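Peer 1: Single-letter residue listing:
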Amino acid sequence: MSSTLYTVSASPHIHTTLTIPQIMRGVIIAMLPALAFSVYTFGISSLYITLLAVLFCMLIEYVIVRFMLNKPATLYDGSAIITGMLLAFNVPTNLPWHIVLIGAIVAVGIGKLSFGGLGNNPFNPALVGRVFLLVSFPVEMTSWPVAVRSLSLDATTSATPLGILKDGLKEGETVNALMAQMPSYTDFFFGFQGGSLGEMSAFAILLGLIYMLVRKIITWHIPVSMLGTIFIMTGIFWLVDPSRYADPVFHLLTGGIMLGAVFMATDYVTSPFTHKGMLVFGAGIGVITVLIRLFGSYPEGVSFAILIMNAFVPLINRYAKPPRYGQVNSKKQNPQPAKV
Amino acid sequence: MAQRLHNKLKTFRLGGVHPDDMKLTAHVGIEPLPLPHAVSIPIVQHIGAPAKIVVQVGDPVKTGQIIATQEGFVSSNIHASVSGTVTQIHNVMDSSGFKHTAVDIQRDGDVWEEDIDCSEKLVEEITLERDAIIRKIMEKGVVGMGGAAFPSHVKLRVPEGKHVDHLIINGVECEPYLTADHRLMLERAKELLVGIRILKKALGVDTAIIGIENNKQDAIELLDKLVKDEPGITVEALEVQYPQGSEKQLIQALLNREVPSGGLPADVGVIVHNVGTAVAIYEAVQKNKPLIERVVTVSGKEVKRPANFLVRIGTPVIDLMIAAGGVPDHTGKIISGGPMMGKAIADLNVPVAKGMSGLLVIPEDEAKRAESYNCVHCGKCIEVCPMGLEPYRLLLLSKKGNSERSKEEHILDCIECGSCAFVCPSNRPILDYIRLGKTQVRKIKKA
Chain A
14 MSSTLYTVSA SPHIHTTLTI PQIMRGVIIA MLPALAFSVY TFGISSLYIT LLAVLFCMLI
74 EYVIVRFMLN KPATLYDGSA IITGMLLAFN VPTNLPWHIV LIGAIVAVGI GKLSFGGLGN
134 NPFNPALVGR VFLLVSFPVE MTSWPVAVRS LSLDATTSAT PLGILKDGLK EGETVNALMA
194 QMPSYTDFFF GFQGGSLGEM SAFAILLGLI YMLVRKIITW HIPVSMLGTI FIMTGIFWLV
254 DPSRYADPVF HLLTGGIMLG AVFMATDYVT SPFTHKGMLV FGAGIGVITV LIRLFGSYPE
314 GVSFAILIMN AFVPLINRYA KPPRYGQVNS KKQNPQPAKV
Chain B
2 MAQRLHNKLK TFRLGGVHPD DMKLTAHVGI EPLPLPHAVS IPIVQHIGAP AKIVVQVGDP
62 VKTGQIIATQ EGFVSSNIHA SVSGTVTQIH NVMDSSGFKH TAVDIQRDGD VWEEDIDCSE
122 KLVEEITLER DAIIRKIMEK GVVGMGGAAF PSHVKLRVPE GKHVDHLIIN GVECEPYLTA
182 DHRLMLERAK ELLVGIRILK KALGVDTAII GIENNKQDAI ELLDKLVKDE PGITVEALEV
242 QYPQGSEKQL IQALLNREVP SGGLPADVGV IVHNVGTAVA IYEAVQKNKP LIERVVTVSG
302 KEVKRPANFL VRIGTPVIDL MIAAGGVPDH TGKIISGGPM MGKAIADLNV PVAKGMSGLL
362 VIPEDEAKRA ESYNCVHCGK CIEVCPMGLE PYRLLLLSKK GNSERSKEEH ILDCIECGSC
422 AFVCPSNRPI LDYIRLGKTQ VRKIKKA
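The listed protein sequences correspond, in order, to chains A and B. As numbered in my numbering, residues 14 to 353 make up the first sequence, in order. As numbered in my numbering, residues 2 to 448 make up the second sequence, in order.
Hints listed in this document are in silico derivations from the structure and should not be mistaken for laboratory results. Keep in mind the model is a prediction, meaning the values are calculated, not measured. The beta carbon of each residue, even a glycine, is placed where N, CA and C say it ideally should be. Check before you lean on any hint, since a few could be wrong.
[Stated by the list, open to error] Here are a few chain A residues that face chain B, going by a calculated C-beta distance under 7 Å: (1) THR20; (2) PRO25; (3) THR30; (4) SER310; (5) PRO336; (6) ARG337.
[Claimed, not checked] As a list, the in silico EDC-like pairs of lysine to aspartate or glutamate whose alpha-carbon atoms are at most 16 Å apart: (7) LYS302/B x GLU365/B; (8) LYS289/A x GLU409/B; (9) LYS334/A x ASP21/B; (10) LYS302/B x ASP21/B.
[To be verified] Restraint-style ranges between C-beta atoms, simulated for each label pair: (11) ARG228/A x HIS91/B: 38 to 46 Å; (12) HIS28/B x ARG331/A: 45 to 53 Å; (13) ALA86/A x GLU365/B: 25 to 33 Å; (14) LYS163/B x LYS84/A: 51 to 59 Å; (15) PHE325/A x GLY264/B: 31 to 39 Å; (16) PHE325/A x PRO364/B: 17 to 25 Å; (17) ARG158/B x ARG331/A: 52 to 60 Å; (18) LEU311/B x PRO85/A: 50 to 58 Å.
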């Protein structure tokens with residue numbers, strides 16, 4: 014008689030290889046093209062700000078978890094790295110380091126850990142940090158360096174296409190006249206425009222999107238619903254009055270819409286569970302973004318839109334149920350055979 | 002045939018996962034295991050009431066002799082799987098982890114009951130009538146061989162007021178590693194077809210569909226050839242996707258019918274039987290042979306000689322392990338059944354039961370679960386749930402003990418396929434909590 018006792022546990026006994034640290038690594042990889050592009054256009058300062066933000070976020074997470082909460086450090090999950098990268102992607106590359114530090118404290122400390130850490134935060138931590146900085150340091154946060162396309166640390170500042178549009182329209186100029194002052198759509202698409210560190214290149218961000226879709230890290234629902242809503246809504250306004258409203262392609266390629274749709278709105282923790290819910294969530298972000306862009310006082314509204322929709326996620330989760338097996342009227346779907 | 006393979010394969014509507022299929026023994030023929038010195042036959046090997054023991058210690062028994070009779074409608078007869086002497090009637094731990102009464106028989110040769118036809122000859126002509134067939138299946142202790150071990154005769158007595166028009170034969174075998182059904186379809190195809198004809202006669206249905214996952218091309222081709230001239234039996238290739246072999250999902254995939262919540266396949270005019278069961282029914286009805294042996298796949302990455310063994314019921318699991326080249330070093334876990342739904346067994350003295358389709362050996366470094374993290378709301382559990390439930394929510398509700406809400410969230414619809422826990426990137430014990438929640442709901446139902 015053998016006396017060895019083997020491990021006993023309930024099924025299932027096998028597990029997928031896609032775990033939290035791997036998903037986080039995947040997201041980081043997906044963000045690299047945008048970062049690389051930013052280094053190419055804005056110079057080495059992009060890399061400097063990104064590393065700084067990542068370092069601060071990790072440090073703050075470690076310090077808070079280890080010494081204030083007295084728990085084992087949670088750096089292994091990699092979420093602090095992503096928060097740091099996303100925070101950096103959302104700020105100008107010439108931001109002073111102490112502002113980056115404040116952003117990191119707000120993002121990780123208030124945005125994430127005050128709610129109980131990864132998985133419990135209702136709002137996207139990087140956006141909490143970003144919006145906090147935007148309202149606290151409006152000047153520093155909106156002094157965009159010009160794309161230099163070189164590896165130099167010096168750069169002068171300029172307005173973003175959205176800023177030019179908003180200010181120009183206020184002064185009574187037409188969209189057509191303003192468009193003439195801006196780079197071509199091809200330049201927009203590849204990212205030769207002013208703006209935050211990681212948001213300019215739709216092309217690089219789309220590469221990241223494709224990677225995440227292939228790795229099955231995210232599904233298409235949020236990006237497609239958000240971008241689709243923005244396209245349709247700005248399209249309607251443009252058709253109504255092309256002299257006052259820019260065309261939908263301009264809207265999609267400028268500002269933080271691509272970054273928001275691919276990396277911010279798709280954050281697992283702060284987006285709905287079901288596909289149905291994701292579609293509603295993405296559409297909501299789209300509508301709010303367009304309203305802020307067209308009628309609000311800020312030229313850009315993606316961050317606010319995402320944060321506002323984050324607050325609706327519990328409500329969406331409650332009503333957006335997945336389709337259930339056997340839920341459909343069984344008589345209608347399953348024609349009963351005639352009684353014999 | 003060739004054309005159908007190019008068409009889009011059928012599959013179920015919601016969810017599903019794709020674990021590596023790991024069919025290491027797909028090309029290993031069924032091999033009879035040397036007869037054990039002694040067997041220990043539990044009297045509960047099926048869903049339902051335990052059988053009543055009709056032998057005493059010291060009694061001589063023949064192979065195939067009845068040793069315990071069924072108690073009540075949902076129960077099953079138990080037969081001696083070897084000839085010899087009853088040495089002990091005592092409690093043994095079976096593959097469920099619970100102790101059940103078992104009859105130990107010391108083997109002495111292999112003398113079969115005289116009325117059993119042990120020849121290899123295929124008996125095609127079905128002489129028995131409908132009621133006699135069902136009675137025979139009941140008498141010979143046939144239960145579902147796919148894992149759940151539900152007494153087959155119960156399924157064949159269609160409740161009043163329900164009309165069944167389709168018989169589905171489940172040859173999906175979607176659990177990774179397992180190949181017992183695959184080998185049966187290849188090696189016992191003709192017997193299988195007679196078994197299907199018997200089932201059709203017993204149910205009075207004209208149409209039978211054999212559903213096979215597309216990773217068993219050879220079985221699909223062979224059976225397709227054999228049923229070419231046979232009206233009323235078709236072979237259908239299905240997409241390789243877990244849990245394709247789950248009754249509800251299979252019905253949905255093949256007939257686009259959905260069993261209502263809390264209902265039975267008969268509610269949508271379908272009865273599902275496993276291929277192993279169909280072969281056992283052939284043997285019971287045509288050869289008078291009770292269910293005393295079955296095919297068990299012994300597999301695992303480290304197993305020296307993975308195999309498909311034909312094993313007498315009651316054989317200790319250790320015998321199978323020895324025949325498969327011994328228990329590998331650093332074995333951490335041994336599973337009765339497949340890796341998705343099988344049960345881990347604590348030691349190797351557990352006897353083989355009617356529902357044991359495989360023995361899977363898991364190395365030490367994969368035996369324990371990895372650390373679990375907070376839920377990150379990725380929604381993957383919802384995406385893969387074949388019943389369209391919200392597993393993450395059921396976990397939270399079960400944890401809080403909120404059985405009212407669990408019930409509203411249809412927790413009892415869960416088929417416990419394990420897809421949610423398989424896919425959860427945070428490695429949360431979702432299914433464990435759902436099981437807990439189901440017992441909570443059943444408690445309030447009773448109260």
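Peer 1: Under 7 Å is the threshold here; is the Cβ of ARG337/A close enough to any Cβ of chain B for the hint to stand?
Peer 2: holds, 4 Å
Peer 1: Determine whether the Cβ-Cβ distance between LEU311/B and PRO85/A falls within the hinted range of 50 to 58 Å.
Peer 2: With a Cβ separation near 52 Å, LEU311/B and PRO85/A satisfy 50 to 58 Å, so the hint holds.
Peer 1: Can you let me know if the beta-carbon spacing of ARG158/B and ARG331/A is within 52 to 60 Å?
Peer 2: violated, 44 Å
Peer 1: Are LYS163/B and LYS84/A spaced within 51 to 59 Å by their CB atoms?
Peer 2: holds, 57 Å
Peer 1: For the pair supplied as a hint, LYS302/B and ASP21/B, is the alpha-carbon distance within the 16 Å limit?
Peer 2: holds, 12 Å
Peer 1: Verify the CB-CB distance for ALA86/A and GLU365/B against the hinted window 25 to 33 Å.
Peer 2: holds, 28 Å
Peer 1: May I ask you to test the interface hint for PRO25/A with respect to chain B, counting a Cβ-Cβ separation under 7 Å as satisfied?
Peer 2: It holds, given that the least Cβ distance between PRO25/A and chain B is near 3 Å, below 7 Å.
Peer 1: Less than 7 Å between beta-carbons is the criterion; does PRO336/A satisfy it with respect to chain B?
Peer 2: holds, 5 Å
Peer 1: Range hint 45 to 53 Å: satisfied by the CB atoms of HIS28/B and ARG331/A?
Peer 2: Holds, at about 51 Å.
Peer 1: Within 17 to 25 Å or not, the Cβ separation of PHE325/A and PRO364/B?
Peer 2: violated, 47 Å
Peer 1: Hint check: LYS334/A vs ASP21/B, CA-CA at most 16 Å. Holds or violated?
Peer 2: Given pair LYS334/A, ASP21/B is violated - Cα atoms ~30 Å apart, limit 16 Å.
Peer 1: Verify the proposed pairing of LYS289/A with GLU409/B, using a straight-line Cα cut of 16 Å.
Peer 2: violated, 20 Å
Hint compliance for this structure: hints 3, 4, 8, 9, 11, 16 and 17 are not met, and every other hint is.
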